[in-house]
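Take a look at the letters that make up each chain.
There are 2 protein chains.
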Amino acid sequence: MANPTAAMLVIGDEILSGRTRDANMHHLAGKLSEVGIDLKEVRVVSDEADAIIAAVQALAKTYAHVFTSGGIGPTHDDITAECIAAAFDTPIDIRADARALLQAHYDRQSMELNAARLRMARIPDGARLIDNPVSIAPGFQLENVYVMAGVPSVFQAMVASVLPTLTGGAPLISTSTRIERGEGDIAGPLADLVAAHSNVSFGSYPYIKNGVYGANIVVRGADSQAVSDATQALIQAFSDAVR
Amino acid sequence: MANPTAAMLVIGDEILSGRTRDANMHHLAGKLSEVGIDLKEVRVVSDEADAIIAAVQALAKTYAHVFTSGGIGPTHDDITAECIAAAFDTPIDIRADARALLQAHYDRQSMELNAARLRMARIPDGARLIDNPVSIAPGFQLENVYVMAGVPSVFQAMVASVLPTLTGGAPLISTSTRIERGEGDIAGPLADLVAAHSNVSFGSYPYIKNGVYGANIVVRGADSQAVSDATQALIQAFSDAVR
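From first to last, the protein sequence lines are chains H and V. Mapping of the first sequence onto this note's numbering: residues 1 to 243, in sequence order. Mapping of the second sequence onto this note's numbering: residues 1 to 243, in sequence order.
Be aware that one or more of the hints could be misleading.
Listing some non-contacts, in silico: residues in chain H with all C-beta distances to chain V over 12 Å [unchecked claim]: (1) T20; (2) A60; (3) A64; (4) F88; (5) A100; (6) Q109; (7) I130; (8) A160; (9) S161; (10) P164; (11) T167; (12) D223; (13) S224; (14) Q225; (15) A226; (16) R243.
In silico DSSO-like links for lysine-lysine, alpha-carbon gap of 27 Å or less [unchecked claim]: (17) H/K209 with V/K31; (18) H/K31 with H/K61; (19) H/K61 with V/K61; (20) V/K31 with V/K61; (21) H/K31 with V/K209.
Bear in mind the hints are in silico, worked out from the structure with no lab data behind them. Keep in mind it's a predicted model, so treat the numbers as computed, not measured. Ideal placement from N, C-alpha and C gives every residue a C-beta, glycine not left out.
Just need the whole structure built from these sequences, with the hints factored in.
Given below as structure tokens:
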């Protein structure tokens, strides 16, 4: 049976302007691989309502799960929750359970739950809260969309809250073999291996290091014996160039 | 006049599986900002023809420029050139000028221009070659799509070849001010600044460092005086928390 599919939507002008380098995509990709959910697509869009709504609708329709990061804080540019509600044509308002979490948190710190912070209690009707052990303000799940924070430590904590609730497929086993030879020399023998080992996939990821050409050949599959056999065959085929 | 828009398409299973952390998005985003081209969207898709073709068609229709990275090498999983040709319903074959570049390169190195390497001379009809000073095998431009390599050093060299040929808009000036105060306290005064300085944009990018909450507030605009004025006002509004 095929693994469940997923997409990620990164919301944030700061990534598109080149100011910040996204870290959440790489984190989520690794975690989903571990539990056997296939990340098939990532989109990065700016903090514009039309762009967010269109992307959420397209991805939620196509993939089993959609994970978003960014735009759920208290400032004027945090519009993700409203956009998710709009994408599903669902009402959104301050919700008692989210408000209670924030109230208790700020009471403990003798800080005021002001109007801005209260925006973080705006949750679409019918959504389930996602626990935020780092800074309390919750994420939420609406339909098949998981809405999480952009700050990496909070994003990672929310992913850790969500993943155990999802049913994955067979985690993919993979090996990576470094072959110090130009891809043009690797390609022919590799094509033969691809044909001979149809129950695994081969990826070739070239590099240039200190002027030397090579490629990391990744063998990936759900059947560990098949991955092992294919990797053995690969190593034999390029025995003089494996590093 | 609004700046020209752009999108990027990253092609590669290795990013989606979490094995490799993409570097090209961050590089391109920074370079486009410098020349006044607004990167509005990034998509990452797997090495599957249907996904690549659909993404290219959607992005090429929506944005002035589309930049792709990945999948133009000699191995079996390098299918980008064929997909771009298919997306524009254009024939593709080995082209004499691209072949001549490769032939001269491999002759110099006393290496064989074998069948696999020759695949890198497959160029859609009517495309313009993009210079690759690092490893010779060219990228190409077809319509408004710029097809470039995934290896970061080659991608960066190709971006450097392409950018001078594009007409940008007004480069955006930006400042970043670090305010050591929770976003919930920043949000109110910041909303007033947003209202008072309509010719710039404000972005709030929260962080948590050693348990201390803060945010980097980015002021961005094409008019340097307006950016400077807004930044001054920002610093005054949070004078006791600017770090």
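Satisfaction of hint between V/K61 and H/K61, Cα-Cα up to 27 Å: holds, 21 Å
Status of H/P164, Cβ more than 12 Å from any chain V Cβ: Non-interface label on H/P164 holds, nearest chain V Cβ at 18 Å vs cutoff 12 Å.
Outside-interface status for H/A160 - nearest CB in chain V farther than 12 Å: holds, 15 Å
Verdict on H/R243 as a residue remote from chain V, using beta-carbon distances over 12 Å: Correct as stated: the minimum Cβ-Cβ distance to chain V is 17 Å, above 12 Å.
Least C-beta distance between H/T167 and chain V, which was stated to exceed 12 Å: The claim stands: H/T167 keeps its Cβ more than 12 Å from every Cβ of chain V (closest is about 19 Å).
Straight-line alpha-carbon gap H/K31 to V/K209, limit 27 Å: holds, 24 Å
Status of H/A60, Cβ more than 12 Å from any chain V Cβ: H/A60 clear of chain V: closest Cβ-Cβ about 16 Å, beyond 12 Å.
Hint consistency between H/K209 and V/K31 [alpha-carbon to alpha-carbon, up to 27 Å]: holds, 24 Å
Least C-beta distance between H/S224 and chain V, which was stated to exceed 12 Å: holds, 16 Å
Distance rule for H/T20, whose beta carbon must clear each one in chain V by more than 12 Å: Contrary to the label, H/T20 does not stay out of reach of chain V, its closest Cβ about 7 Å off (not over 12 Å).
Straight-line alpha-carbon gap H/K31 to H/K61, limit 27 Å: Between H/K31 and H/K61 the Cα gap is close to 22 Å, so the pair holds against 27 Å.
Verdict on H/A226 as a residue remote from chain V, using beta-carbon distances over 12 Å: Given a closest Cβ separation of 17 Å, the condition holds.
Comparing the model with each numbered hint stated earlier shows that hints 1, 6 do not hold.
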